[in-house]
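K.L.:
With these hints in hand, go ahead and build the complete structure from the sequences.
Number of protein chains: 2
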Amino acid sequence: MHYPVVNRNGTIITSAVTNLDIHDMSRAAKTYGVNSFYIVTPLADQQQLVGKITSHWTKGVGAEYNPLRRKALELIKIKSSLNEAAEDIYKKDGLAPKIVVTSSKNFEPQLSMDNFRKMLQNSGGYLLLFGTAWGFTEEFIGAADYRLEPLKGCTGYNHLSVRSAAAIILDRLLS
Amino acid sequence: MHYPVVNRNGTIITSAVTNLDIHDMSRAAKTYGVNSFYIVTPLADQQQLVGKITSHWTKGVGAEYNPLRRKALELIKIKSSLNEAAEDIYKKDGLAPKIVVTSSKNFEPQLSMDNFRKMLQNSGGYLLLFGTAWGFTEEFIGAADYRLEPLKGCTGYNHLSVRSAAAIILDRLLS
Numbered sequence: 001m002h003y004p005v006v007n008r009n010g011t012i013i014t015s016a017v018t019n020l021d022i023h024d025m026s027r028a029a030k031t032y033g034v035n036s037f038y039i040v041t042p043l044a045d046q047q048q049l050v051g052k053i054t055s056h057w058t059k060g061v062g063a064e065y066n067p068l069r070r071k072a073l074e075l076i077k078i079k080s081s082l083n084e085a086a087e088d089i090y091k092k093d094g095l096a097p098k099i100v101v102t103s104s105k106n107f108e109p110q111l112s113m114d115n116f117r118k119m120l121q122n123s124g125g126y127l128l129l130f131g132t133a134w135g136f137t138e139e140f141i142g143a144a145d146y147r148l149e150p151l152k153g154c155t156g157y158n159h160l161s162v163r164s165a166a167a168i169i170l171d172r173l174l175s
Numbered sequence: 001m002h003y004p005v006v007n008r009n010g011t012i013i014t015s016a017v018t019n020l021d022i023h024d025m026s027r028a029a030k031t032y033g034v035n036s037f038y039i040v041t042p043l044a045d046q047q048q049l050v051g052k053i054t055s056h057w058t059k060g061v062g063a064e065y066n067p068l069r070r071k072a073l074e075l076i077k078i079k080s081s082l083n084e085a086a087e088d089i090y091k092k093d094g095l096a097p098k099i100v101v102t103s104s105k106n107f108e109p110q111l112s113m114d115n116f117r118k119m120l121q122n123s124g125g126y127l128l129l130f131g132t133a134w135g136f137t138e139e140f141i142g143a144a145d146y147r148l149e150p151l152k153g154c155t156g157y158n159h160l161s162v163r164s165a166a167a168i169i170l171d172r173l174l175s
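Taken in sequence, the protein lines are chains L and P.
1 is the number of the first residue of the first sequence in this note's numbering; add one for each residue after it.
1 is the number of the first residue of the second sequence in this note's numbering; add one for each residue after it.
I should point out that these hints are in silico values taken from the structure, not numbers from a laboratory.
It cannot be assumed that every hint is accurate.
Copies of the same chain look alike in the list, so a pair counts if it fits in one copy or across any two.
To be verified - With a cut-off of at most 27 Å between alpha-carbon atoms, the simulated DSS-like pairs for lysine-lysine come out as follows:
(1) K118 with K152
(2) K152 with K77
(3) K91 with K79
(4) K105 with K71
(5) K152 with K71
(6) K52 with K92
(7) K59 with K98
(8) K91 with K59
(9) K118 with K59
(10) K71 with K52
P.N.:
Structural data, given as structure tokens:
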């Protein structure tokens, strides 16, 4: 998600889409059996850019060059907002997904990895959200159904890229 | 490592350094308490490029702009070969590190994640190798002290980026 996120000063911004997020995160999603990977930005030109990159690998020259990459990028759907992504799931599966937000900071009440892993084994759909830039606004985090516990390594340092964090969280939840 | 790796046709190549590998993998290394992150390429111009990027974030404008990024990129050492990296550890710690190679394919005999996790809790040093492009040559993999078991998700699809694979493996071994 590229909105509503904050920059290093805490100001609300719409962040730019990063090309390697598209590739790395769709490949991780495919590896761990995720149904859809939504890229959310309200900016029309950014949506067009993502569409261009994605269709190169799913329908263009890239699809033939690298069929494995195609399978991953076929999971991608471009949406303007969280609501649009949730509606897409509702239309397909007839259920309103629960919203689980990730953050590198602690927000209460927290959903542990262990509990979320158990929830995923039962019925129901979930939208797991990753914020770009310096992360989601506090208001947005507070409004989600669940706040996943932050990743911790084994040091005080906790500044992974969104690509690395998403890969590790999918592995912890679904491997 | 950018040599000796193969391209999609199995030909031995020296791959180009990817800017985001430098950032994502050093941040993951810092998060999980890794001592050093060696970027290995025999090409002088690629070594210079990595040096330029790294010093921007460790000594240049970037160091002041983003001190957390600086701490991660300070782990980086640029070397021409695996031997040079191993020598660097020997000079610092007085021990020859064991070489543990990763691959997305199965090579016997295999070291399981569980066993490697136990080995890391005992004394001794390890160099954990990640190959870029389509991975290491079979000869190189065969010559290592240990071959780590490949990552598996929960599907037949197994095509993570080297950045994602490194993040997940560090999490499994060191979290």
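K.L.:
Hints first: check each against the structure and report whether it holds.
P.N.:
Checked hints:
1. K118 with K152: both (20 Å within a copy, 20 Å between copies)
2. K152 with K77: Between copies only: 25 Å across, 30 Å inside.
3. K91 with K79: Only inside one copy: K91 and K79 sit 14 Å apart there, 53 Å across copies, limit 27 Å.
4. K105 with K71: between (33 Å within a copy, 19 Å between copies)
5. K152 with K71: between (31 Å within a copy, 17 Å between copies)
6. K52 with K92: within (24 Å within a copy, 49 Å between copies)
7. K59 with K98: neither (32 Å within a copy, 45 Å between copies)
8. K91 with K59: within (25 Å within a copy, 52 Å between copies)
9. K118 with K59: Neither: 37 Å inside a copy, 46 Å across copies.
10. K71 with K52: Cα proximity of K71 and K52: one copy only (16 Å, versus 36 Å across).
Violated hints for the displayed structure, listed by number in ascending order: 7, 9.
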